[in-house]
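A.B. asks: Using the sequences plus the hints, can you model the full thing?
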Amino acid sequence: MDAETVKATVESANVIMGWLEKAKEYLKPFKPEVKSMVVNYKNRRSEINLLIHVPDGIRRKAHSVEVPAYQNFTVQDMLDETFARVGGLWRYEDGKWKLDPAKLPKSETYLVMLRGVVPPETLNQLVRVQPAINRDQTDEIDRYWLDCMLRNVALLEKIWQELNIEEVDVGVKVGIERCFSTTIPKEFKQRLEATRRWVAAGRGKDRQEILLAWRRMRTINQGSKVSADDILQTIYKLTTGDAFGNFLAVDSPYRVGEIRREERFSGLFPARMAVEATAELGLKRPVAEGYLTFKKKDYTQEIKVSLDKLQA
Amino acid sequence: MIGHPLEVGDHPLKPSEFVKLHIAPWALPNEDIPIHIRWESGFEFQTVRINIPEGFAFAEFVNLDEVQIEGLSATVEKSKISRGDASTYFGCVVRYTRIPDEATHEGKVIFSFADGAQSKFSSELTARIFRPLLTFVNPPKSIELTDASKLRTLPLYLKYTGFGDIQLRVEAVIGGSIVSEGGSVAHEIVRRLWLSEISEVDQDANVEKRKQTYKVQPEYVREIADEVQAILYKGELPTGEFDKEAFEEIRRWLLDQRAKDNFMNLFYSRIEDMLLSLLVDLLESHPATNVRLVDPRAKIFTRIKAPITKLMLKLKYRDLLGNNYEEQVPIEIVDRRTEGNSLLDLPIVIEKWDDKPLMNVAGIYYGR
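Chains as they are written, first to last, in our numbering: chain A, 4 to 315; chain B, 884 to 1251.
Hints should not be assumed to be uniformly reliable.
Straight line, CA to CA, 20 angstroms or less: simulated DMTMM-like cross-link-like pairs of lysine to aspartate or glutamate [unchecked claim]:
#	chain 1	residue 1	chain 2	residue 2
1	B	K1197	B	E985
2	A	K300	B	D1048
3	A	K38	A	E50
4	A	K176	B	D1048
5	A	K300	B	D1238
6	B	K903	A	D254
7	B	K903	A	E292
8	A	K176	B	D915
9	B	K1239	A	E143
10	B	K1042	A	E212
11	B	K1239	A	D142
12	A	K287	B	E900
By construction, these hints were calculated from the structure, which means they are not laboratory data.
C.D. replies: Right, here's the structure in full:
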């Protein structure tokens, strides 16, 4: 059998460092040191802290420092040794970030804070995320396993003394359709039955039956205290992030992030809720595992109570 | 583990305390199964050999510069792990690439840590594969059509015993051709628009009022309306219930409504009823906890050409990952009708479900 050697890709750091390297190059006279980097997985923002050295001699002699703006790169702020904010000395002009060293206060080192946006493909090269595609169920709950890991610890560590990737999102689509479909109240069921009869009649050619079914459906709908609209509104309220979040739990180190109805859905209510389960990964914690638990029995009970209230 | 650097006084740590392995607790066939391999720094070894059983494949390695793969075995050199000697972690992703016959399948993934020829530690993880499993219970062997027979539906009794949510489509095949059909929501709406119109019972409907009170997703309503209009253009009205003459009549009438710019009004006037019936569909669509019917209104619709016809009834289902499964049963159609009616129009109705999905697979199969 042929042995096969698989080389892992090492592009990740290259891509993410493109703009950082450029910035470092222009700051070379000041011996830049990369101190830390934080990437927010969710909004793709990255924050890099660079330490630069500006000895007295250089401060007096150096001309204006210019760093060309690169992609989304910006100089957010700068701190001197006393933590005074001197970021205002940087100015953006003709597509370049400019600094006049002569104007700097007397300080040997400065912390330059760079901000940028990381392309989505770079994030995928940094972190591997995966939720279980299928739930495991008990009578009480549905649960999904969550998994994420840093793809290449070494390359990241070579460059940054400290690296954190915040809000690594292991998104889960939590199915809720069944909770609704099993909880339709009696009064509404009659309306559904009448509709069902009309639908069935519609399949045949018996006009007399169509007429009867239509009348029956109309009578029930007119006599009904609850409109379909009331029911829909109730369903909408139960599928807001706030309401739905009460029925979710995640294992540490994960936290529940944003909760939304699935963007596109057909029919009367969303079949699934999109839930973000987020974790922070870093050189000290390169992996995270755990469960997202949906308390479906409690949620179904909540639906029942809310729909019953409509009829009260 | 004599002389190991992690020995503390008289109480040496066991390898299981400083090597931590984790595998995702369940997976569908072909689903990625992530595995974390972590150890305390100071644990000395040169290589980790990973053996997977038949039917499994390595899908991915994480935090490694290089790995040697030879069939069902992979060798990881510590020096090729990111950070070399300072490393404390790598990841491995495996997959079961077959569809098991049974609802459950297990495979042992074995990890052997070695320092040269000396074995340092070995451990195994169980990869647990679960699949959905749907079967017929006492399917009919034959269906007899007679002049007097009142056969209205083809009743089925199905049993769900596996794991995972599925979409189910019931299909009938005669001589290689599919003879079952199901209507789309848009088709159903066209038909209902027409039927309520011919019944002339809705003259008093307050169109404006309904338009105001209904707050369903406007995008969805628009999509459905577009779909309905497209059907009208193409003249693709639902067949089956209507003969040719009625078919043309419907089309003329609906296109006339369109010409009068009355279509959207008409559409909105009926939308509540239509969506109510979608909810009916939804209820019908979930006959069992894990099953969603692609078309709750499937039926067999064909012309029977011989006194005895062999029909193959198929359960075609798909799990959330897109794996396809099929179960089939032959049914003989015996046509004894003499009145020259060769049409077979038979809704497929799943009358009974035995719903026994695998529950709590994490609790039962995991953590032992």
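A.B. asks: Confirm or reject each hint.
C.D. replies: Checked hints:
1. K1197/B <-> E985/B: Distance of about 19 angstroms is within 20 angstroms: holds.
2. K300/A <-> D1048/B: The given pair, whose Cα atoms are some 18 angstroms apart, holds under the 20 angstroms limit.
3. K38/A <-> E50/A: holds (11 angstroms)
4. K176/A <-> D1048/B: At roughly 13 angstroms apart (the allowed maximum being 20 angstroms), D1048/B and K176/A satisfy the hint.
5. K300/A <-> D1238/B: holds (18 angstroms)
6. K903/B <-> D254/A: Given pair K903/B, D254/A holds - Cα atoms ~18 angstroms apart, limit 20 angstroms.
7. K903/B <-> E292/A: holds (12 angstroms)
8. K176/A <-> D915/B: holds (17 angstroms)
9. K1239/B <-> E143/A: holds (16 angstroms)
10. K1042/B <-> E212/A: violated (35 angstroms)
11. K1239/B <-> D142/A: holds (12 angstroms)
12. K287/A <-> E900/B: With Cα atoms ~18 angstroms apart, K287/A and E900/B stay inside 20 angstroms; holds.
The structure fails to meet hint 10 from the earlier list, while all remaining hints are met.
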